[in-house]
Amino acid sequence: QVQLQESGPGLVKPSGTLSLTCAVSGVSISSRNWWSWVRQSPGKGLEWIGEIYEDGSTNYNPSLKSRVTLSVDKSKNQFSLKLRSVTAADTAVYYCARYVLVWFGDSLFSWFDPWGQGTLVTVSS
Amino acid sequence: DIQLTQSPSFLSASVGDRVTITCRASQGISTYLAWYQQKPGKAPQVLIYAASTLQSGVPSRFRGSGSGTEFTLTISSLQPEDFATYSCQQLNNYPRTFGQGTKVEIK
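Chains D and V are the protein sequences, given in the same order.
The working numbering numbers the first residue of the first sequence as 26 and each following residue consecutively.
The working numbering numbers the first residue of the second sequence as 1354 and each following residue consecutively.
You may find that some hints are simply not true.
As a list, the in silico DSBU-like pairs of lysine-lysine whose alpha-carbon atoms are at most 30 Å apart [stated by the list, open to error]: (1) D:Lys-101 with V:Lys-1460; (2) V:Lys-1392 with V:Lys-1456; (3) D:Lys-99 with V:Lys-1395; (4) D:Lys-107 with V:Lys-1392; (5) D:Lys-69 with V:Lys-1395; (6) D:Lys-69 with V:Lys-1460; (7) D:Lys-69 with D:Lys-99; (8) D:Lys-107 with D:Lys-69.
Honestly, the hints are just simulated from the structure, not real lab data.
Keep in mind the model is a prediction, meaning the values are calculated, not measured.
Model the full assembly from the supplied sequences, consistent with the hints where possible.
Spelled out as structure tokens, the structure:
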């Protein structure tokens, strides 16, 4: 059973750097999966932050790209998110998730599953 | 970016009701659409992927349909555990985007 668990500080000061880690269990992070980060601001919808592959390849949301870095640590079977120069607008619940890609015949299907439980990060002085 | 617009944003229904939620994409996304259910304080869980394929373990009262720019999620007979927020997600283009969510509450 694949499980993901986010960890990191729950409070970050404005202009600081938000750093979170997602520990993966039940599967190797080198199992040809993409690993994603998604956030949800209080009372709002879900926002995709970006994704990383086992080889370090990344895709980022252009709205956050200048401030985001994703990395993977194969030895610890985990991946991480750093978001720089944070403001109150970055206050959100941050989720990590596995991006599943499966070929069925000649069709490629994809979805996010499982997700971590989420961690609330508040940006405040 | 591809915008996903869900309607309605809020829905009040009774146990046993048939419920339909619509997700419209600002441009064609074939069938690269997933639906998620999210309960308060919990992470989203996938219900449907590829617009109409039921995720393993999801009850058959959930049904997805559509392609291109218009998609629907139907719950054939609403159960007490179905009261939650439902969100669509497109996986055809980067950046991945989600609908704003539809909250299903008890009437």
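Outcome of the hint check:
no.: 1; hint: D:Lys-101 with V:Lys-1460; verdict: violated, 48 Å
no.: 2; hint: V:Lys-1392 with V:Lys-1456; verdict: holds, 10 Å
no.: 3; hint: D:Lys-99 with V:Lys-1395; verdict: holds, 27 Å
no.: 4; hint: D:Lys-107 with V:Lys-1392; verdict: holds, 27 Å
no.: 5; hint: D:Lys-69 with V:Lys-1395; verdict: holds, 14 Å
no.: 6; hint: D:Lys-69 with V:Lys-1460; verdict: holds, 23 Å
no.: 7; hint: D:Lys-69 with D:Lys-99; verdict: violated, 33 Å
no.: 8; hint: D:Lys-107 with D:Lys-69; verdict: holds, 22 Å
Checked against the numbered hints given earlier, the structure breaks hints 1 and 7 and satisfies all the rest.
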